[in-house]
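Colleague: Sequence:
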Amino acid sequence: MPQIIFLPHHEICPEGAVVEARKGESICEAALRCDIPLEHACDMVCACTTCHVIVREGLDSLNEMDDLEADLLDKAWGLEPDSRLSCQSIVADEDLVVEIPRYTINHASEKH
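For the sequence shown, this note's numbering gives the first residue as 115, with consecutive numbering after it.
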């Protein structure tokens, strides 16, 4: 089984995490199954950008990004060339290294 290495995030997983991923599941599904509370305001239907991640290693092993995902990513905070929506990023055979951005555009979760 491929592994997903989540780099440390100040709130979501301060120590980082390594999870076993199931081939064919999304990065978001793997994170949630392993108790990493990755935001996913649209319930993983590719309608928001709250599950935005940056794939630091293994990007080429993921499924190809479609036009809807690409259009939504244009609205994501901290967009980088290796950005993906985790709900649309399907794990294959390779290990991944994933960074969860510090911020999201989810107004409902903003702290004042």
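Incorrect hints may have been included.
In silico DMTMM-like pairs for lysine to aspartate or glutamate, Cα to Cα no more than 25 angstroms straight-line [to be verified]:
id, residue 1, residue 2
1, 137, 178
2, 137, 149
3, 189, 208
4, 137, 196
5, 189, 178
6, 189, 129
7, 189, 134
8, 137, 183
9, 137, 181
10, 189, 213
The hints are simulated quantities; they were obtained by calculation from the structure and are not laboratory data.
Colleague: Hints first: check each against the structure and report whether it holds.
Modeller: Right, here's what the structure says about each hint:
1. 137 x 178: Status holds; Cα separation ~15 angstroms.
2. 137 x 149: Holds, because 18 angstroms separates the two Cα atoms, which is no more than 25 angstroms.
3. 189 x 208: With Cα atoms ~28 angstroms apart, residue 189 and residue 208 exceed 25 angstroms; violated.
4. 137 x 196: Holds - the C-alpha atoms of residue 196 and residue 137 are around 20 angstroms apart, at most 25 angstroms.
5. 189 x 178: 19 angstroms, holds
6. 189 x 129: Violated: residue 189 and residue 129 sit about 28 angstroms apart, past 25 angstroms.
7. 189 x 134: Violated, because 30 angstroms separates the two Cα atoms, which is more than 25 angstroms.
8. 137 x 183: 20 angstroms, holds
9. 137 x 181: 23 angstroms, holds
10. 189 x 213: At roughly 18 angstroms apart (the allowed maximum being 25 angstroms), residue 213 and residue 189 satisfy the hint.
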